[in-house]
Every structure is written in structure tokens, then in C-alpha cells.
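Colleague: Let's have the full structure, built from the sequences with the hints guiding it.
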Amino acid sequence: MPVKLPYVEYEAPTTMAEAVDLLAEHQDEASVLAGGQSLIPLMALRLARPAVLIDINGLSELVGVSVTDGTVAIGAMTREYVAEDSATVGDTVPLLAAALPLIGHDAIRSRGTIGGSLAHADPAAELPAVALALDAEFVVRSRAGERVIPAADWFEGYLATSRRPDEILAEVRFPAAGPGTGVAFLEVARRHGDFAIVGLAVSLTLADGVISDARLAFAGVSDVPIRAAAAEDFLSGERPSAELFAEAARRATAGLDPPADLNGSSEYRKQVAATLVRRGLQAAADNAYERQ
Amino acid sequence: MREVTVRVNGAPRTGSVEARKTLADFLRDDLDLTGTHIGCEHGVCGACTVIVDGRAVRSCLMLAVQAAGSEITTIEGLATAQPQPTSPDRPPGAGLGTLQQAMWDSHSFQCGFCTPGFVMQATAYLDAHPDAGEQEIREALSGNICRCTGYQSIIDGVLLAAQRSREA
Chain A
0 MPVKLPYVEY
10 EAPTTMAEAV
20 DLLAEHQDEA
30 SVLAGGQSLI
40 PLMALRLARP
50 AVLIDINGLS
60 ELVGVSVTDG
70 TVAIGAMTRE
80 YVAEDSATVG
90 DTVPLLAAAL
100 PLIGHDAIRS
110 RGTIGGSLAH
120 ADPAAELPAV
130 ALALDAEFVV
140 RSRAGERVIP
150 AADWFEGYLA
160 TSRRPDEILA
170 EVRFPAAGPG
180 TGVAFLEVAR
190 RHGDFAIVGL
200 AVSLTLADGV
210 ISDARLAFAG
220 VSDVPIRAAA
230 AEDFLSGERP
240 SAELFAEAAR
250 RATAGLDPPA
260 DLNGSSEYRK
270 QVAATLVRRG
280 LQAAADNAYE
290 RQ
Chain B
0 MREVTVRVNG
10 APRTGSVEAR
20 KTLADFLRDD
30 LDLTGTHIGC
40 EHGVCGACTV
50 IVDGRAVRSC
60 LMLAVQAAGS
70 EITTIEGLAT
80 AQPQPTSPDR
90 PPGAGLGTLQ
100 QAMWDSHSFQ
110 CGFCTPGFVM
120 QATAYLDAHP
130 DAGEQEIREA
140 LSGNICRCTG
150 YQSIIDGVLL
160 AAQRSREA
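Residue numbers (numbering that gives the first Met the number 0), protein chains in the order written: chain A, 0 to 291; chain B, 0 to 167.
These aren't lab readings, by the way, just hints derived from the structure by calculation.
There could be a bad hint or two in this list.
[To be verified] Simulated pairs of lysine to any residue, SDA-like, Cα-Cα distance not exceeding 20 Å:
1. K3/A / G94/B
2. K3/A / I37/B
3. K269/A / P258/A
Modeller: Structure representation (C-alpha cells):
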């Protein structure tokens, strides 16, 4: 049962330089506090016991959306509701825009941040699947400088990323969707806003009626988000059809061994995953035709 | 201890808190605003929802120190006058805001524990989406739990408020 938060020191830097100095000092004794929509519950449940909270809500330099040469850079402290309302995000990263309304509930998105969700790395959450599907890049900063980490190397395990204890996630870079790209984010959850039992991010690019690029990433089927590489390779170069998507669903889920919990058995999750692949591919193809 | 000053329901309020104190506990324990209810204390039930700088937030998932300088509205800030006992010359709900009155008229609540959270979430949502329909309202309120399961009458009340606001 959750109780009052445990005793914790609190620092509220106002610049990135101060923030990385504090992290260098406290290392893994510290937790970075972004929107707090996951960290605060973990503290209430005593699943996280940081000695120091480094609150980066004062770092206005980490807020905002900018587009440069086909890359959309989103500051880590950009609130989820701000990204959800952003016409730029809707136009340039439609898969992210499709996933954002499914995160938690309205009040959660008021505080929750893009970077916070991706640094928390819950494998059932929406944004990790989106970032993995789109091969997003994670920009982390420390006193030693900056590293850029591809999404494929970011998610290391349950709530674990390749961010080092002295690093802060500063920015996430997404490739802007080109012409002919359709997207869908589907999930099955107990009620709107709950964590997905299974979620699926799909991006399909069509050129002259043929699939030139297919991207599928699952949430909720492993301890990290999972790309369906076998299905992606199978789809590439083919023309969309119900038969094609049914076979892609079989290939996408053949190697899955999802976890079981009170929301569903492993077999159930696998079945749901296959259904989501069929529906998601069709929805993304329909969306691609609309956007052409 | 840290000094925190916020504006609550239009008035400046100051308190001295430990960093670990949530906004929910600050409102209730330090500012005596016990209309904000605490249910699950980890962001699942929605009972502690308040409005911070125009957005509905869970006050159990925000530290009091993080609210410094914010404009906060709690359930106590919605009525134009303190509710009074009903009498023949005072109709039920005198002084209530539009949403509160509509929920009263729709018998939206049973035990009332979840009421402040639902009302604050619905207030923030209707302010931003005055033309919301039933499906949107259901989704907007999906993060608030009523253990009496009186959801239908809650939705009815919010829809009635939206309709009255549009007609006003």
C-alpha cells in the first residue's frame, strides 16, 4: 500500500549546468524528477528510494518542439499535453500524435513529460514503442558532454535504459514523416488511459502502391518495447492486402513470449498482439492513402 | 523546511513544508482545505484532482514545493457562496457553480468521496472543451474512480452543465 513519501533531499536547479553538476555529485543516489507521474508513485510505494530528487522542471531550455532538416527535436521537459496540442507534432510526427492521447489520463498528461516517460522506460507505455518504431535518437548530457543514443540501444530492460547515472535526457529527435506515410497506434487496455495489455505502433510508407517502409513496435509484450523485424522485412516491397497483413501478424508474433499477469495470460497477449498487427497495418495503410 | 507561497482560489497562501510533502497534503494539512480528498495516494483514483495554472493535475503526484508561484483552484473555489442548509426560502444548491448545480440536479453522487476530484477534472475539461460530447466527457473522466459506480449520473451532470453553459 502506498504511504506518504519517504524523506528525500530536494534540489531545483535552474540551468542544465547546475543540474549535471548535481547529478555528477550524487550519481545513482539521485533521481531526476521530471513530470513525477511515475517517480512519485514509485516513491509512495517504496519501489524507489532516492536520497536526492533533482527537479528539472525549472529547466526551460528543455521545453519545446523544433523542426530542422527533416528532424523533429522535442525537449525532454515538454509536457505530454503540450505535445498533444502541438500542430507541429501532428504534422511531422503523426505516430507520436496518435499515441499521446492514450497516455494515462488528462490530468496525468498535464504534468507528464515526453522525456520523463522515455527515461522511465515502462515497457507497457506508449512512447517507448513510438520511439523504437521511428528509430528516434536520445540526446543525453552530463558534465562530460553530450551523447546521442539510438532508440535501439536505449531500452535495456524493465525500467532500465542506457542513460548513465550522471546523465540527463535532454532531447528526443524523431524523423519527420515523409509523404505516403500512414500511422496507427492501437492498444487494448482495461479502460481508456490504463497501461496497455498490448499496444502497437505502426508506420507504413507507400510508394506507387507498394510498401517501401514498414515499422512495427509492440508495448506490453516483453520487458522492453519490441520491434517486429521479421514482419517488417516481409512487408517491404509488397502491396497492402488483408492476406498480406494476416501473414505479417503471424510473423510479427511468432517469436513472442509475452509476460502473464492478472490482466491476461501470455497466450492471450500473443493473440491480442496478432489482432493488433492486422488492424494496425490496415489502419496505417488507410491513413497513408488519406495523406497522399 | 521550505517556504511555499501559492495563490489558492484567488488568495495568496503561504506555508512551510518538507520537500517530500505532496500538494494534496499541503492543501489539506497546512491550508485546511480539506475539500480535496486523498484516495489512493499514487495517482490512480483521481480523488485529489485540483486545477493548477488552468490544467487538472493530481495533487498527490505533485510536490508542494513544485507548486510555488502557481495559481490553484480547489473544490472550495467553485461555489460563489458557501453552501447553506436547505430551507423553503433557500433552494437546494444556492451559491453553487454551474457544474456543481447541474451535478446536484442530476443526482451525480452517492457517498461523495470522489466528488471533488470529478468536479475539478470536469471543470478543467469543460473550460477547455465547452462543446464536448458524451464520449469525450467519458474519456476525460476516465481517470477518476467512483467506488459507488455512479458513473452514468456523473456523466449526465457534466453533459447538463455543458448544455447550460452553451445556452447561457
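Colleague: Given the proposed pairing of K3/A with I37/B, does the C-alpha separation stay at or below 20 Å?
Modeller: Answer holds: K3/A to I37/B is near 11 Å, not above 20 Å.
Colleague: K3/A and G94/B were given as a pair; does the straight-line alpha-carbon distance stay at or below 20 Å?
Modeller: Distance ~35 Å between K3/A and G94/B Cα, so the pair is violated.
Colleague: Would the pair K269/A and P258/A pass a check requiring their Cα atoms to be no farther apart than 20 Å?
Modeller: Since the Cα atoms of K269/A and P258/A sit roughly 10 Å apart, the hinted pair holds (cutoff 20 Å).
Hint 1 alone, counting from the list given before, is not met by this structure.
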